[in-house]
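Chemist: Since the structure of chain A is already known, use the hints to place chains B, C and D on it.
4 protein chains.
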Amino acid sequence: MRNKKKIINDPIYGFLTIPYEIIFDLIEHPYFQRLRRIKQLGLSHLVFPGAQHTRFHHALGALFLTIKTIEVLRQKEVEITEEEAEALGIAILLHDIGHGPFSHALEQSIVSGIHHEQISKLFMTRLNDEFDGKLSVAIQIFENSYPKKFLNQIISSQLDMDRMDYLNRDSFYAGVSEGVIGAERIIHMLNVANDELVVEEKGIYSVEKFLVARRLMYWQVYLHKTVIAAETLLVNLLKRARELSKTQDLYATPALKFFLQNEIHLIELYQDKKIIELFSKLDDFDIIASVKVWSDGEDRVLSRLCQDLLNRNLPKVEISNQEFDSSRINKLQKEMLAKGYNFDESSYFVFSGSVQNSAYTEDAAQIKILKKDGRIIDISEASDNYNINALKQPVQKYYLCYPK
Amino acid sequence: MRNKKKIINDPIYGFLTIPYEIIFDLIEHPYFQRLRRIKQLGLSHLVFPGAQHTRFHHALGALFLTIKTIEVLRQKEVEITEEEAEALGIAILLHDIGHGPFSHALEQSIVSGIHHEQISKLFMTRLNDEFDGKLSVAIQIFENSYPKKFLNQIISSQLDMDRMDYLNRDSFYAGVSEGVIGAERIIHMLNVANDELVVEEKGIYSVEKFLVARRLMYWQVYLHKTVIAAETLLVNLLKRARELSKTQDLYATPALKFFLQNEIHLIELYQDKKIIELFSKLDDFDIIASVKVWSDGEDRVLSRLCQDLLNRNLPKVEISNQEFDSSRINKLQKEMLAKGYNFDESSYFVFSGSVQNSAYTEDAAQIKILKKDGRIIDISEASDNYNINALKQPVQKYYLCYPK
Amino acid sequence: MRNKKKIINDPIYGFLTIPYEIIFDLIEHPYFQRLRRIKQLGLSHLVFPGAQHTRFHHALGALFLTIKTIEVLRQKEVEITEEEAEALGIAILLHDIGHGPFSHALEQSIVSGIHHEQISKLFMTRLNDEFDGKLSVAIQIFENSYPKKFLNQIISSQLDMDRMDYLNRDSFYAGVSEGVIGAERIIHMLNVANDELVVEEKGIYSVEKFLVARRLMYWQVYLHKTVIAAETLLVNLLKRARELSKTQDLYATPALKFFLQNEIHLIELYQDKKIIELFSKLDDFDIIASVKVWSDGEDRVLSRLCQDLLNRNLPKVEISNQEFDSSRINKLQKEMLAKGYNFDESSYFVFSGSVQNSAYTEDAAQIKILKKDGRIIDISEASDNYNINALKQPVQKYYLCYPK
Amino acid sequence: MRNKKKIINDPIYGFLTIPYEIIFDLIEHPYFQRLRRIKQLGLSHLVFPGAQHTRFHHALGALFLTIKTIEVLRQKEVEITEEEAEALGIAILLHDIGHGPFSHALEQSIVSGIHHEQISKLFMTRLNDEFDGKLSVAIQIFENSYPKKFLNQIISSQLDMDRMDYLNRDSFYAGVSEGVIGAERIIHMLNVANDELVVEEKGIYSVEKFLVARRLMYWQVYLHKTVIAAETLLVNLLKRARELSKTQDLYATPALKFFLQNEIHLIELYQDKKIIELFSKLDDFDIIASVKVWSDGEDRVLSRLCQDLLNRNLPKVEISNQEFDSSRINKLQKEMLAKGYNFDESSYFVFSGSVQNSAYTEDAAQIKILKKDGRIIDISEASDNYNINALKQPVQKYYLCYPK
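So the protein sequences, as listed, match chains A, B, C and D. Going by my numbering, the first residue of the first sequence is number 565, and it counts up by one from there. Going by my numbering, the first residue of the second sequence is number 565, and it counts up by one from there. Going by my numbering, the first residue of the third sequence is number 565, and it counts up by one from there. Going by my numbering, the first residue of the fourth sequence is number 565, and it counts up by one from there.
In isolation and in its complexed conformation, chain A is listed as follows:
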């Protein structure tokens, strides 16, 4: 009955279908419903106003692509049992369930030192209890302890369905059509050899294009200088709020308040069920609703940072390939002193840092090419791919933000 509505509209793939009963039930769970309230791209919508899509929709999209991949591989006579297919579906569905709101900013301020994958695993473990162990295989695949290694590569590698969907989805909603990738084409060229996920040789140029699209999305969207400015503003704002919370009962929505007043480590998350339950209530609405209240508050630093965020009065950003001179930064901070802020306060307004991205790395789950003669090689070694070799160079950029 309740399972009848198994078709979900998606502007990108047309229709998303929910393939297994248990996946439908997991989607209905409050842990997963919460992802409806967490934007996939945090504050990027301040630059790309269409980028309002949620982690909920991304998870369903990645599920869709995973199901497609299973179909294609089965047609190529790769054995994937029904149990494995279901588990793979669960694993990709829940791969990002541990994300908090504004994940990057949060990890640098309120839940520092805890990686969202660890929280994802914690959520999965709790759901496994609730669902009588039916997520066990999914967890093994997620942790890469399942015997068939290629299953993990479908959901976690440099050519996984997570990236495939998020690049498509982020570029679609941001309106950056250049980030669109030919997911369907790449999936059609996937295969498995020696228990490894591989791309058939004719797919080399599509993969190259995928890597360049990803590179473009990083520098043009994810690490767009104004997005960096906004996110760092949020980090500073949350740090200030936490600082103030030490000495006063600063307003916050209940879910946020706990994390503002307590410093949480991974060990406590694992030991105290109450904490993960609290974390499961935290979403974008807690952050922004609190920011709105703080914007009218008494602390002049916090209120100004909050107003600046809400009204998109973002700091000026400079980008450079070299680290910024400390004298330059000092000079800018002094200007804040002149405006009546003290030194400690000024560091909330003038700040610098760096961002880094590699289009392709050789350490992590590499992209393997299956040559027509049966050999499996790394894509950067495939003849003529001068290009992918070049993409291995990590790129680092430095930023400097200060009030307009």
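Keep in mind that a hint or two might mislead.
What follows is a set of in silico ranges between Cβ atoms, one per label pair, in the way DEER data are often shown [to be verified]:
id	chain 1	residue 1	chain 2	residue 2	range
1	A	GLU646	B	SER911	45 to 53 Å
2	D	HIS829	C	GLU887	34 to 42 Å
3	C	ILE571	A	ASN758	19 to 27 Å
Simulated from the structure, these hints should not be mistaken for laboratory data. By construction, the Cβ of each residue, glycine as well, lies at the ideal position given by its N, Cα and C atoms.
Modeler: Structure of chains B, C and D alone, referenced to chain A:
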């Protein structure tokens, strides 16, 4: 300097450009930035997860189409001065600025009796003060007191740029491709005759298609039965919260609290500047953040309604062409009594009502066709349009909601 | 081996896959390959330059949608055996194989009195011989003599996969985005009841939109007045060529020559294998290559008509809801006399006629709605569909063409 | 009057508008109308059935992008006079007017040694005569003899509107979505500095993506191995036809016959007006209509090659990074001898060759980046573009074709 970034990405039209300095400044104003935090389609994303787009983006899109329309009309030697063009841009940009969060639900619960257009006008008046009277012509066009009547029709008629953009945008983000309309084509066929906005004869089929697309969007998206269920749930929940607020200090974010505790009428909005200022702080985040707190609260009615909304545990809905039998409703309410709720409480869970839509009406700003022989006729009279004539019939449907 | 390449790029659906070995073999057959050389929309590209797509591509697209439909119906537990699925695939693949080049024009000039469906059946019969009877079930479905009637409705009714694909494809390539229909959505709402193909009730608005889109495509593209002018020009030109062929050895490519010099009736096509073989060699290239030669020929009527077609110097067209006055036509013809053409010749340049279309008819395979209560009704009776009722009115328009 | 219809549907950009009277007149000229009968991608539709678009449509698309570029540059206060804008429009419109049917194949068989750009210029010169010298500035820009050098770069450089449109158009119609480029975005980032067309620094990643998309289109579409096989088949077939024409009166359509029987050099084209007139009559229909006749002819080599092309019975192709061993080729030719062909004949069926492409070259019109500090550098030197540097490596591949 700050005006440099005048190009905004839009997945639908590619790039939105900001044509006038003052429009750029209005976009930067907190009143307008607030629209970033108000979803265009309220709770529809519970059915169409992509429908997360904001009133901010819609306003920019409608502005874009209005600029296009001005270009096309000028090419056809319709006189539109620069002053009028700017004013028209301002008027369309701000046409929806009076919307509160979850506008429909709000108008039925917390700010009942006040239409969002009235609030839009109030915001415009205040902005006109701030901007030294530079919005005067825009306000005249918006109120339809400006001599050239066709200007108002561009932004407020049955074929206006508001509808043109929202149909395109809503169908795009919802993933309901059938709602897409050929805005560019229709705009190319617009003209002005006798100070009226008209469509050239060859555009008849495009307009027919536009009307049918709109009809489809109403019944398939805006009035989708699950969306109705969710919105009515929100109405009930807010009514309960307001009821409880009379006797206790119910939690609410500051902006919401005022409207929960006070019954506001249009007259007070006009007289007390503080109220419109408070209203300008109200957005989706106030509603959902409060709902989240209430979901853990003590009132069993309010907490259950809130949980049901957050976890998408929506009521069952039945749709009918006839009004539901009161005995049927009574029976369902009695089932709630059996579950321990009293009669008053049960009405929050079992409820019925009706929705209505006309694809085309003859009263309001009609769609006029300019025949090749120069005559101007109503589109429903244009020969062969049996069809549009039929679309004038209003359609009413009744719904009945109750817990699963 | 040769069957490996079973994936074909399609800008509309992404990838077309070829589901059965025999379908792959049929595609490779010269009868079917010939469709690569026949444009789906004849001369429409003179108005819509993108409309260059072929009957080959349409047939593959309709096959794709048919396969989807089979999948959806099977999920709803409609029984379709593998043999039936294959036969249905064959039937839709070959449904248009009998089309000649510029089909409409040809049927009014060179192969008059023979409907392309009859030729399709003839081709199928011959292929059935070649393929050892493996097309027998397909032919039964095509002729609607197969017991399960709903199978025929999938490929031949007012909501069949032929229309579904051609509306999508024609509007896509023509760049008339308003003709796009939600094929995938409609397919998802198909079902079978009482051996009839039906649409589930919630699909009513999508079907309405489909009918209106089809209506728009007729009047905006297929019966666009300039397209009518071009096609009638071609009809006249071919009539003139046939007329001249009676008294001289007019140039023509070999395949065309036979049909120019002989008047063929259905009976001869059935009796003389050589004729269908000759017909199977006729394509767009014969017509246009001959027109090019004729444009430099001696007959001043034929050469001018040919030049006018090649250089898109099309006649002026007037459209009216009433038949044109014969005195008007006479007057125009007299102007041709003044230019030195005789009366007979002038009728090639001045001509009138009418075109007609019904968006929905009640005679032919109707569109049935499956109500939630299990009843099956005609869509025009479904409550609130004033609109579809209106669409039943046939629309007729008269045209008058004459030289600029 | 006749200029009223200045809006042309385009599936890619929506609507193409014709900006100047003279451009409208040039479009109407038979030289330009002929491009309606020449496919942009020759035989690629045998692999990508949607790739039926014509050089006519591409020229209009490139014109559209050029007009956009002019708009953008003018907004950035680059001076482009109305006369220059018109001339630039003419130059891009006519840039490909010298292409014959199946241009690559033709240049290797029938009009060998003559580059299509030279013929384009010849056509322009003749049109300039007809249009009373109104194309003079356009010709100067086309030849790069006009003082403002950046104008030529807009229509002829490694980032010109020709490439911008053909990549978009070819990938769109072929259904290879990965080839889509963000033309609008790149255009928005163009500027002029020191009389050079430059890309603003922030556009680096878009340009990189453009180059990689182009590389992909080359290896995936233009040089797709089956496309190579088909085109080489056509080359061989035309060579055979020319060979036979030396000793017999081989059938051919009149326009083709001349070029089959005569070897034409550039000098004759310039000297003999009749020849360019004949060339202006040659299009796809001459080639394919003749191939159809030849397929039933007596020469067993020619007839078989023609049948193979028409029925898409293409040779088997092998691709390698090394030249193929001559012994391998000999062996394959011997197999043809065994089938009764003589040595000379067998070379029409067994053949090898190579194709080459560079994604970016440093010799020709380079892509210049305008740094924020005002410096202009080559894109491959822009910091972090390891990648574009790598793209400079030319890639060469060898192919070997032989009958299945």
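Chemist: So, for every hint listed, does it hold in this structure?
Modeler: How the hints compare with the structure:
no., hint, in the structure
1, A:GLU646 with B:SER911: 45 to 53 Å, "holds, 47 Å"
2, D:HIS829 with C:GLU887: 34 to 42 Å, "violated, 59 Å"
3, C:ILE571 with A:ASN758: 19 to 27 Å, "holds, 25 Å"
Hint 2 from the earlier list is the only one contradicted by this structure; the remaining hints agree with it.
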